[in-house]
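Colleague: Residues per chain, in single letters:
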Amino acid sequence: MKALRKYLDKIKPNFEEGGKHPGLKSTFEAFESFLFVPNGTTAAKGAHIRDSVDLKRTITMVIIALIPALLFGMWNVGYFHHKMTGEEAGLFGNFFYGLGQVLPIIAVSYISGLFLEFLFAQIRKEQVNEGFLATGLLIPMIVPVDCPLWMVAVATMFAVLIGKEVFGGTGMNIVNPALLARAFLFFAYPAKMSGDQVWVAGFGDKDVTKIDGFSGATPLGELAHGTTFDQLTSQYSICDMFMGYIPGSIGETSTLCILIGAVILIWTGVASWKIMCSGVLGVLCMGLLLNTFGEAAYTQIPFWSHLLLGGFAFGIVFMATDPVTAAQTETGKWIYGFLIGIVAILVRVVNPAFPEGVMLAILLMNVCAPLIDHIVIRQNVKRRLSRVKNK
Amino acid sequence: MSKVIKLKKGLDINLKGQAEKTVEKTVSPTFISIKPSDFPCVKPHLEVRQGDKVKAGDVLFTDKFRPEIRFCSPVSGEVAEIRRAERRRITDVIVKADSQTEYAKFEVKDLNSKDAVKELFLKSGVWPYLRQRPFNIIADPQQDAKAVYISTFDSAPLAADYQFVLKDQLEAFQAGVDALSKLAKVYIGLDGKVASNIFANVKNAEINTFEGPHPAGNAGVQISYVCPVNKGESVIVVNPQDVVIIGRLVKNGIYDAKKTIALAGSKVKNPAYVSVVANSNIDSVLEGKIDETPLEGVEGEAVRIIGGNVLTGTKLSKDGFLGFYDNEITIIPEGKYYDFFGWALPGLKKYSFSHTFFSWLCPKKQYELDTNMHGEKRAYVVTGTFEKLVPMDILPLQLIKAILAQNIELMEELGIYEVAEEDFALCEFADTSKTDIQAIIRKGLDLMVSETR
Chain A
1 MKALRKYLDK
11 IKPNFEEGGK
21 HPGLKSTFEA
31 FESFLFVPNG
41 TTAAKGAHIR
51 DSVDLKRTIT
61 MVIIALIPAL
71 LFGMWNVGYF
81 HHKMTGEEAG
91 LFGNFFYGLG
101 QVLPIIAVSY
111 ISGLFLEFLF
121 AQIRKEQVNE
131 GFLATGLLIP
141 MIVPVDCPLW
151 MVAVATMFAV
161 LIGKEVFGGT
171 GMNIVNPALL
181 ARAFLFFAYP
191 AKMSGDQVWV
201 AGFGDKDVTK
211 IDGFSGATPL
221 GELAHGTTFD
231 QLTSQYSICD
241 MFMGYIPGSI
251 GETSTLCILI
261 GAVILIWTGV
271 ASWKIMCSGV
281 LGVLCMGLLL
291 NTFGEAAYTQ
301 IPFWSHLLLG
311 GFAFGIVFMA
321 TDPVTAAQTE
331 TGKWIYGFLI
341 GIVAILVRVV
351 NPAFPEGVML
361 AILLMNVCAP
371 LIDHIVIRQN
381 VKRRLSRVKN
391 K
Chain B
392 MSKVIKLKKG
402 LDINLKGQAE
412 KTVEKTVSPT
422 FISIKPSDFP
432 CVKPHLEVRQ
442 GDKVKAGDVL
452 FTDKFRPEIR
462 FCSPVSGEVA
472 EIRRAERRRI
482 TDVIVKADSQ
492 TEYAKFEVKD
502 LNSKDAVKEL
512 FLKSGVWPYL
522 RQRPFNIIAD
532 PQQDAKAVYI
542 STFDSAPLAA
552 DYQFVLKDQL
562 EAFQAGVDAL
572 SKLAKVYIGL
582 DGKVASNIFA
592 NVKNAEINTF
602 EGPHPAGNAG
612 VQISYVCPVN
622 KGESVIVVNP
632 QDVVIIGRLV
642 KNGIYDAKKT
652 IALAGSKVKN
662 PAYVSVVANS
672 NIDSVLEGKI
682 DETPLEGVEG
692 EAVRIIGGNV
702 LTGTKLSKDG
712 FLGFYDNEIT
722 IIPEGKYYDF
732 FGWALPGLKK
742 YSFSHTFFSW
752 LCPKKQYELD
762 TNMHGEKRAY
772 VVTGTFEKLV
782 PMDILPLQLI
792 KAILAQNIEL
802 MEELGIYEVA
812 EEDFALCEFA
822 DTSKTDIQAI
832 IRKGLDLMVS
842 ETR
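Sequence order for the protein chains is A and B. Numbering-wise, the numbering used here puts 214 at position 214 of the first sequence, and it's gapless, one number per residue. Count along the second sequence starting at 1, add 391, and that's the number in the numbering used here.
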């Protein structure tokens, strides 16, 4: 450890202005601060002590919270692949097959995104922000497993470039970059991204033998095509949906694993419980409303089942709570989460073109978040002004 | 009409090195220094030259912007040195103290009118103890304040306990309150954690009780519940120990700036209280009290000496001087070290307001915190932390951003008139993005002052 520190101190001057590689300063600093929390001390006036938490630690917590859903997602990929081919693979067989499918996607997402992050940090002569470490893992978890790797790369770079860097980098973006990547894929390659072709690994591959009658569609896809809830539950039980034995994007299927992640995020204080709770409330309200007034079969599925289906749980826990793109006032967070719940179910049920509404709901509310905050801020200002008038 | 106000927001940081409640020694100063940097928005105009003889209560310098405000020597002696920094900015006006203090006599009678009190306070040099909200600067003698506010407790970590410090000074305290009440109605804030409060029977003032974690003791926080500051208004804030100094002036006609300070912190040997004179040299106070063993792996200095508390204080050198408003000296270890994978390890010993380190498993533990930043400056990403630490109807993050954008109108609307740096000290402590929030707030306040001048 000390030898490593000495070595870093020795090579450090090479990356300073006037050294051998000044163009790699940001890169060097990123790796240095990865190994060692720097030795900076507090200013001569102000708070002389500081909390141990920093952005790296915060992002680490997000990644830890994602791990249960990620591991389950890997298993799920193998499980459905082998279900399709009719093979028996066992717990580890399923998992390692999934690992082989998912790891390349994660690698592509991190490499293409971090490349741009480092590049922009260097151009701006800033330090590399840690935000992408979460984004880079979120992207693989919300794409279908059979999404071609080059598409993942293109989408990631698009998201980092257009979603984040053009606005000034981490902390300045309007919409969630991971969701933007997903939306980019959805709208740029609709044929590849919707329907029932991509959700099970190897489904679109003609060389793979499939057992008869296997459908690769997600439960939401089936519901959108007119399957009733009773028909659906004969295929996947409520327990299957909760545990995650259903096809879907890599990380979104297991409500249980996502709940574990949610508990970690809330307990560590990294994500807002207000957004999560109000989001769930929004879904339940909209579901009840549709149950009461809806006529089509889709509107009549039990209102609570929306929480288990599709990407809602993943979206509200990991995407909607991104502090940069969510509402930033505490009251605003309640409104923001609630509206995401409402809009997600509205899009999901009422608009047949989009079987999944969560992505669009969160993106829409990302854009509206500054407006929500503005209203909350005005209320605060009003309260202050009314103090004068009431005297 | 006495109220009990319960505050939920905030944080008590449990630090090692609380001062034991004994006055260990009385130190008479050999030198004192008045530092203009203790007074934001003051531009000093010297009234003495090196070699001049002064008595305690004689003027050393005045404020160029408000010449009626005088900064006086708390001791008698000879002006030893005027220290200057770049562009001849004055940093210290140093007086070599006589062994026996000779006091300038001020005539104290007919303190029945506002003007008489103002005149006495201004002439004798106690006026700078009166600070105002808005802007946290020395109160404006030209403006009539709507209230005088005294918070009788400091809730900051390791702060001096005024229940102990002032237990024999209540008479002077009452005299100070009586004089201050001529300026405006006096409000007093009591600590709800104390069972039989020595300030509970103070007369001539409205008394309210505040319960809750730090910053419940901040005057600005208490004011926001009792008599909030609106645009165009001002409230005078006085520290209880300074009220006693004012009380002595009113009773005896002299500027007698003796005070009892806490000497606290994990790097103090046997932390306790010390009797000193305001602005005095600290080397004799610190003699034999500092534990100089550095933390493992620390380069450079071993300890940091802070005038004031760990959240808002100013770094002092060993041969430095106590600040004008300081009521304690805190000494903590310096933290110039590299922390191998410090962000990744479980962190059982790492204190955090969040639960991101496993130290939440032992909430009662006393911590020895050092001056390490524990990270580097980043963009504002995390939201919701500041809101848990500011118990006022203020949107902290939005106000900080308005200041950074220098949007004066928005700063006004979001309550810049109500805040001081210290109200945001915990935000600075807990900030994930490691920004210097108190410096940002001061910048905003300075900007507002320069706009109104």
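Take these hints with a grain of salt, some might be off.
[Unchecked claim] Beta-carbon label-pair distances, calculated as ranges:
(1) Gly688/B - Gly100/A: 49 to 59 Å
(2) Gly691/B - Ile11/A: 42 to 52 Å
(3) Lys20/A - Lys756/B: 25 to 35 Å
(4) Asp403/B - Ser234/A: 27 to 37 Å
[To be verified] In silico contact screen, one side only, chain A against chain B (beta carbon under 7 Å); selected entries:
(5) His48
(6) Asp54
(7) Leu55
(8) Lys125
(9) Asn129
No lab work stands behind these hints, which were simulated from the structure alone. Note that the structure is a prediction, hence the values are computed from the model and not measured. All C-beta atoms in this analysis are idealised placements derived from N, C-alpha and C, irrespective of residue type, glycine included.
Colleague: A separate judgement is required for each hint: does it hold in the structure or not?
Modeller: Here's how the hints hold up against the structure:
no.: 1; hint: Gly688/B - Gly100/A: 49 to 59 Å; verdict: violated, 43 Å
no.: 2; hint: Gly691/B - Ile11/A: 42 to 52 Å; verdict: violated, 22 Å
no.: 3; hint: Lys20/A - Lys756/B: 25 to 35 Å; verdict: violated, 47 Å
no.: 4; hint: Asp403/B - Ser234/A: 27 to 37 Å; verdict: violated, 57 Å
no.: 5; hint: His48; verdict: holds, 5 Å
no.: 6; hint: Asp54; verdict: holds, 3 Å
no.: 7; hint: Leu55; verdict: holds, 5 Å
no.: 8; hint: Lys125; verdict: violated, 14 Å
no.: 9; hint: Asn129; verdict: holds, 6 Å
Of the numbered hints listed earlier, those contradicted by the structure are 1, 2, 3, 4, 8.
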